[in-house]
Amino acid sequence: MYSIKAGTVALLILLTTACGGITDDLRPSGADQRGGNGNVEPTTIANLSLPSIDGGVIDVASLLEDHDGVVLYFTMWCPVCDSHMSHLRSAQTSRFPRVAFVLVDYVSGSVNEARMAATAAGFAGPPFMVAADTAGEAEDRLQATMGTTVVIGPGMRLLLNEDYKDGAKLAETLAGL
Amino acid sequence: MRRPTLNLLGGAVILTASLLAGNAHAASCCGGGGSATLTLPKFSASMVGLSVDTETYHGFWDQQGKRRDDPPGSTLVQYRINAGYARRLTDHWQASVNLPYVLNDNRYSGVSSHTQGLGDTTVGIWREFFDNIMCVTSVETLEDLLPALYVGGALTIPTGISPYDDVTNSFDVTGRGFYRLDLNLLVEKTVYPWTVTLSGGYGVHFERPVNREYGVYVTPYTKKLGDRYNVAFGGGYTWFLGNGDMVTATGTLSDVREFAGTIDGRNDPTSGLSSRRWSLALGWNTPDRAWVAGASFSRSFRTDGWGANFPMTDIVSLRISHVLD
Numbered sequence: 001m002y003s004i005k006a007g008t009v010a011l012l013i014l015l016t017t018a019c020g021g022i023t024d025d026l027r028p029s030g031a032d033q034r035g036g037n038g039n040v041e042p043t044t045i046a047n048l049s050l051p052s053i054d055g056g057v058i059d060v061a062s063l064l065e066d067h068d069g070v071v072l073y074f075t076m077w078c079p080v081c082d083s084h085m086s087h088l089r090s091a092q093t094s095r096f097p098r099v100a101f102v103l104v105d106y107v108s109g110s111v112n113e114a115r116m117a118a119t120a121a122g123f124a125g126p127p128f129m130v131a132a133d134t135a136g137e138a139e140d141r142l143q144a145t146m147g148t149t150v151v152i153g154p155g156m157r158l159l160l161n162e163d164y165k166d167g168a169k170l171a172e173t174l175a176g177l
Numbered sequence: 001m002r003r004p005t006l007n008l009l010g011g012a013v014i015l016t017a018s019l020l021a022g023n024a025h026a027a028s029c030c031g032g033g034g035s036a037t038l039t040l041p042k043f044s045a046s047m048v049g050l051s052v053d054t055e056t057y058h059g060f061w062d063q064q065g066k067r068r069d070d071p072p073g074s075t076l077v078q079y080r081i082n083a084g085y086a087r088r089l090t091d092h093w094q095a096s097v098n099l100p101y102v103l104n105d106n107r108y109s110g111v112s113s114h115t116q117g118l119g120d121t122t123v124g125i126w127r128e129f130f131d132n133i134m135c136v137t138s139v140e141t142l143e144d145l146l147p148a149l150y151v152g153g154a155l156t157i158p159t160g161i162s163p164y165d166d167v168t169n170s171f172d173v174t175g176r177g178f179y180r181l182d183l184n185l186l187v188e189k190t191v192y193p194w195t196v197t198l199s200g201g202y203g204v205h206f207e208r209p210v211n212r213e214y215g216v217y218v219t220p221y222t223k224k225l226g227d228r229y230n231v232a233f234g235g236g237y238t239w240f241l242g243n244g245d246m247v248t249a250t251g252t253l254s255d256v257r258e259f260a261g262t263i264d265g266r267n268d269p270t271s272g273l274s275s276r277r278w279s280l281a282l283g284w285n286t287p288d289r290a291w292v293a294g295a296s297f298s299r300s301f302r303t304d305g306w307g308a309n310f311p312m313t314d315i316v317s318l319r320i321s322h323v324l325d
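These protein sequence lines map, in sequence, to chains A and B. The first sequence lines up with residues 1 to 177 when you count with the numbering used here. The second sequence lines up with residues 1 to 325 when you count with the numbering used here.
The shape of chain B in the complex, shown without the other chains:
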């Protein structure tokens, strides 16, 4: 029997999708934008979302995947405020936009910097390959096992402050400076009280000319970051409260990798990255199901070989979203 309340889907999907898709590859030295795109519940027309992330840094993996500590006395924090809006286009298509505002508060080695600015903007679109709510309370037929399937795309627009702007070091940036096009997949199945979610994406950066690095003009050249993929797997459990509220706890493992880029068409051996992390999230729906609030904690696996050429960080996020109509 299908659950008739439409926004039951929202409670699980909004929370897990935002946790799965977002934050897995933030980090101020790699820009702070490109956060999650909103996922609109089935049959809802539009939605707004706001989240606040605090990311703290705890060393990094070097290019060989060995864990390295930051220089003594370093403290690195990036704050992000993400504002998003999603709108239904047709019965099966929805679009969204996400704008992060990034504040960097860093002391690294002997350098102190406090920078802020817009991060990279993400515009996304989802195609829903299901006609009804796919959450069920029990499995009675094979059809009850069918998941909610989303296939979509996202364009990252380099509205942030990148290494190619007038900055002095990699910790001042709020974006990466490249357009990127992602093909995304989201599969979710809920048999209450359990939810399983799988998400992934493959992104291609667009080549661009560069004539400045960290505030200094250089011999012009063309640069292209490598293709990247991300995959995340999450499981959740939902509690129904007596007043109609719903609380969902979710655990997630995520992996992101970016292959080597090119400089003037040549392979750039200093580029490429990888990062694996785990996350825990707690979400809460109000009785009218129109509001979803959540908090999450995400941490890099601080182990040799579980990342490369990337910082190890903790991320605490608070988020709220509201279905408008």
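Pulled out of the complex, with its shape left as it was, chain A reads as follows:
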């Protein structure tokens, strides 16, 4: 009996001490730790040109010639991304018709895989364009990850680069274009 109790206690202690960094959520911080990654002040970036799942090329500078801005949403087609993209479609695209909305698949290894993923998820057509960032260029340059939402304005100015959250910051940014 004693050995079972002792073993249970030992297992619980082992589990609680097996992981580092768990206090991040136990005592969450609201401190701003972004540093100089382009989130705080608008900066100008070099042009981005990515393969489209339609077989062409999505060139941000070219899109800016006939749009007020370009939104890049980084997706891996998961449920969280789906909820963001559904909200983009229902609440943002019709409100900002002069903005180009590009879903950037940063996880598929080929344009064909990205096309199949976008089709399976139901986002393969308008109001979105879908880019396949197969080389990871956009992901690396924008330090993007799942749910990262980027707004590029006239002159390739980077106006927003952070998680989609509820879309309020995106709407505020687009309204200011």
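Dumping the calculated DMTMM-like pairs for lysine to aspartate or glutamate here, alpha-carbon to alpha-carbon at most 20 Å:
#1 B:Lys224 to B:Asp264
#2 B:Lys224 to A:Asp24
#3 B:Lys189 to B:Glu140
#4 A:Lys169 to A:Asp68
#5 B:Lys224 to A:Asp32
#6 B:Lys189 to B:Glu143
#7 B:Lys66 to B:Asp255
#8 A:Lys169 to B:Asp264
#9 B:Lys189 to B:Asp144
Computed list of chain B residues with no C-beta within reach of chain A, every gap over 12 Å:
#10 Thr54
#11 Asn132
#12 Ser138
#13 Val231
#14 Asp255
#15 Leu282
#16 Thr303
Computed spacing ranges between beta-carbons, pair by pair:
#17 B:Val123 to A:Thr43: 41 to 51 Å
#18 A:Arg89 to B:Glu207: 21 to 31 Å
#19 A:Glu172 to B:Val123: 33 to 43 Å
#20 B:Thr303 to A:Thr119: 18 to 28 Å
#21 B:Val151 to A:Glu172: 41 to 51 Å
Simulated from the structure, these hints should not be mistaken for lab results. Positions of the beta carbon are idealized from the N, C-alpha and C atoms, including for glycine.
For chain A, the structure is supplied; the task is to place chain B on it using the hints.
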């Protein structure tokens, strides 16, 4: 006539309660912790439990409740090892703690990830509103129809790896990152060989500050997940074996819903979830009634409208518990 063997209650309640309360809302994209709290049989002093879950993913419901397939070539598996301990505090009060350890083994679209770590810890307490064993073999008086009633609370502690830690995507997480307080109810009635169980809970998440999402620091904000409720209904049948062993089969339907959360106090339209699933379980008691072992299979209803904003999964669980004294 009441059944004199105390742990007869354990056989049914431990199995059905653990099946009802646990697993209904796991899923690696939503964290893997918060598994079932142990329920100690009446008159037992303490108990330990260990379970192993294997959860495989088969698409998800989108926010409109439409079933969506995962990208071609995706395989998502989450393994959970849950260790629990329950202890009687008084004649009518018991407490428990459950610690999951989570292993994610995923290939999603072009991303492969293998992460592991502690899940979210659950500390629970039950108040028993009955004085004796409530299982009967026949109904002779109205009193024989009275069920075993438990009312309790559970605190989920965010010891897991959440989207707000240094992870790259939602499939690497092992916890949700939020404290949650649940008020739980468990009602069970056994008239051998039949058992009916109803369980439910209502949980409130605590608001927290966020300054990082999926490994990238963001403009700090406050976030609160929505309130959630879960309800499950189960029915079981028990066979008495000649050597004193007891085998119980249980079927369960469960429903969990989480309302929309808030970001900086505003409604977050991208949040909220729901999931319905069915489960089958088989439990076995050893002759001395001190050990209970079981296996269960649980599956999401893979139908449009039976969930939203949540993965569809299968869960296979093996569990064992032992009453210490």
